[in-house]
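**Q** Got chain A; can you put chain B on it based on the hints?
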Amino acid sequence: MSLEAEPKTGRTKKKDVARDPVRERVPLVGTLQQIQAECGYLPRERLEQLSRETGIPLADIYSVSTFFTQFSLKPKGKHVITVCTGTACHVRGAPVVIEVLKELLSVGVGDTTGDGQFTLQTMNCLGACALGPLVTIDGKYYGKMNRSRIMSVMEKYGVNGHAGKD
Amino acid sequence: MSTATLERIESIQALENLVESLRSRPRAGTVVSVCLGTGCTAGGAIEVYEAFKNAAEQLGMTDQVEIKGTGCHGFCEHGPLVVVLPEGIFYNGVTAEDAPEILEKTVKSGKLVERLLYGRKKEKIVHEHDLPFYKKQQRLALRLNGRIDPRSIEDYLREGGYLSLAKVLHEYTPERVIGEITRSGLRGRGGGGFPTGRKWHICRQEPGTPKYIICNGDEGDPGAFMDRSIMEANPHAVLEGMIIGAYAIGAQHGFMYVRAEYPLAVRTFQTAISQARDLGLLGEHILGSGLSFDITIERGAGAFVCGEETALIASIEGQRGSPRQKPPYPAQKGLWGRPTNINNVETWATVPLIIEKGPEWFSAIGTETSKGTKVFSLVGKVKNTGLVEVPMGMTLREVIFDIGGGLPKNREFKAVQTGGPSGGCLPAELLDLKVDFEALARAGSIMGSGGMIVMDDRTCMVDVARYFMSFLADESCGKCTPCREGLKQMLSILERICEGQGQERDLEKLQELCAAVRGGSLCGLGGTAPNPVLSTLKHFRHEYEEHIRDKRCRAGICKSLTSFRIDEDKCIACGRCMKACPVEAISGKDKQPEAIDQDKCIRCRACFDDCPVDAICVK
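Residue numbers (the working numbering), protein chains in the order written: chain A, 10 to 175; chain B, 854 to 1472.
Think of the hints as simulated: they come from the structure by calculation, not from any bench. From the three backbone atoms N, C-alpha and C, an ideal C-beta is built for every residue, glycine too. Some hints here could point you the wrong way.
[To be verified] Here are the in silico distance ranges between beta carbons for each label pair:
#, chain 1, residue 1, chain 2, residue 2, range
1, A, K111, B, G963, 49 to 57 Å
2, B, R1349, A, P66, 40 to 48 Å
3, B, R1295, A, K85, 45 to 53 Å
4, A, Q43, B, N870, 17 to 25 Å
5, B, G1190, A, D69, 44 to 52 Å
6, A, D120, B, K1404, 56 to 64 Å
7, A, K111, B, K1262, 55 to 63 Å
[Said to hold, decoys possible] If the Cβ cut is set under 7 Å, some of the chain A residues that face chain B in the computed set are:
#, residue
8, L37
9, V73
10, G152
If we strip away everything but chain A, and leave its shape as in the complex, we get:
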């Protein structure tokens, strides 16, 4: 780590400012969040570049990147479908919604469809429990989901679950 973790002196007077970890630190999580916001995921080249610029070993950057669920090392689909799996949504039937989506898209949780259209993921509580079971697609909320409702939502995105096309 290039961070000077232990400032030696006592009070923060002006001469100590340069040794202040608050100012000197590289906010690694925040920087990774910026890269992910720009690219949609964390491309290896960007992480290598970050390592060169900051002096933080690439292994440490990967260690942080793989620890937090927010970060993805793979590109995501055009539409990101998030099913809330908080307790309130769980007892109200979120597992059924996940099952239907897995069937409709033929992917597992965390995966992206072959055509790159959809990524299916879950999140441990979005904090909008009154709407449970809750699904968000590209940040738009769809509340009180069940088998038939999620199917009609997905129809809007051109995914039809029934045999044959209408």
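**A** Structure of chain B alone, referenced to chain A:
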């Protein structure tokens, strides 16, 4: 609302003058408060807010009425919510089209829009404070939710905001502040319930400098959104609490750690912090005093364990969010090895109120050991989902049935889960339990951060235990063996039971694993992880035994153990089950179902949930 008109305040007197002048400024007689909390926003509240703004302009009523976008009102189940103040007329389920009508009828001519009132046809309730949902609540931490615009520091100042800070800087020594907080009996609202005053005292006594304070807004418990609502509705109360804390503890810098899943809370704080800086409430020589303190926002990145203080600190330092051994406690060696004080959002937001009203006022509320109020997020199978703030010591029954309105479709109450994944499930026999830190712990659960998830007879308690184990095994950071391996083993046993492969000895094995994980884990995540299993084993052992011995899941949740049948005596031949079935497994003529083809049935519960008379039952 912008703060462009406000100038930097250099003294306490100037702040008091500013509050006075804001209060005496002429205002519109009526305020239309539109809830822009996450729940209502998801239901279209932004459109409702815009519609009110446009309608007020078109009707030429901008002098008469102020349209205020506020934080969460709390009654999320019935959003979007609109309250007309000062009368407190409460409208629910409001759409953009309703806006002009409300302005013309209610604001202009004082008439009600009947169809938007709460309640059944003949029992409509007009005023917010008469709603059963709000009646029994005592709102302290949520006192300004729905009354102020979280993006406006003027609104907060008008309510006497930052006057507690002024009082402290003007009249109190840091020791006296700590004394007041100690005497109030305030305990940490994040889960542990450690006395706040003592925590501050320990950190103040530590010789190292600089010192740091952190606001823990990493609200990770699934089914809990109290902190989110405070952050989104009243950010300045949290900031004021932190600045008072910084003064008392002697901290130079603060961090606001907010969960990544809460982008609105992050934006709200960014605005609030820059407003506070512009006004001189953050930065060098706050209000002309010797106190210099600033706050940085730090976003979490989706790790439940980061709610644990040492993990949170590691994450701010730019490392993996793994906890470490305690002691030394963060108050001794925290961020960058310096004394660090961490409190939760609700705790910080309560501080200014205790300073304003005095510790005796606060400690008069609540029970012997747990003072004040607590905010709960009442969710799951309950009619009135929402945010509830009640005095400590209220019974679970009052919270769930009087405030929460009971269970939807009047189903039978089975359990309430409190305290998130570290908590437990409490059965109907404990409904008269008075909720405080000790009572919940004695019953095998914890207060936690305040999640309260209601479960009905169609919830399988073994599945609930499995759900929490899967959550915790997933969120375990992997650093210590008991938690990493123990939770995985517990999960695999629970999965086996849910799949109908459970063995007699499994319950014993679960108990053993619980003891090992509880005793051997490094941090609170592992230390409390067995609670969901232990509490369900204690109160719902018969369900485990049914799964193992009778190969039956009475709630119809565990697919391998469930088959549905039609109860002909109850069936009213409405045909809904046949329509709901996605695989055409229900045979019958017209709307009269005859039988469920067990080979075709995929146990999706669509018929079970849709039947209006409970004629579909579990075999």
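**Q** All the hints need checking, so say for each whether the structure fits it.
**A** Verification of the supplied hints:
1. A:K111 - B:G963: 49 to 57 Å: 54 Å, holds
2. B:R1349 - A:P66: 40 to 48 Å: Given about 42 Å between the Cβ atoms, the range holds.
3. B:R1295 - A:K85: 45 to 53 Å: 46 Å, holds
4. A:Q43 - B:N870: 17 to 25 Å: 41 Å, violated
5. B:G1190 - A:D69: 44 to 52 Å: 19 Å, violated
6. A:D120 - B:K1404: 56 to 64 Å: 33 Å, violated
7. A:K111 - B:K1262: 55 to 63 Å: Because 29 Å falls outside the window, the suggested range is violated.
8. L37: This hint holds: L37 (chain A) lies near chain B, its Cβ roughly 4 Å from the closest one there, short of 7 Å.
9. V73: Where the cut-off is 7 Å and the nearest Cβ of chain B is about 6 Å from V73 (chain A), the hint holds.
10. G152: It holds, given that the least Cβ distance between G152 (chain A) and chain B is near 6 Å, below 7 Å.
When each numbered hint is compared with the structure, violations occur for hints 4, 5, 6 and 7.
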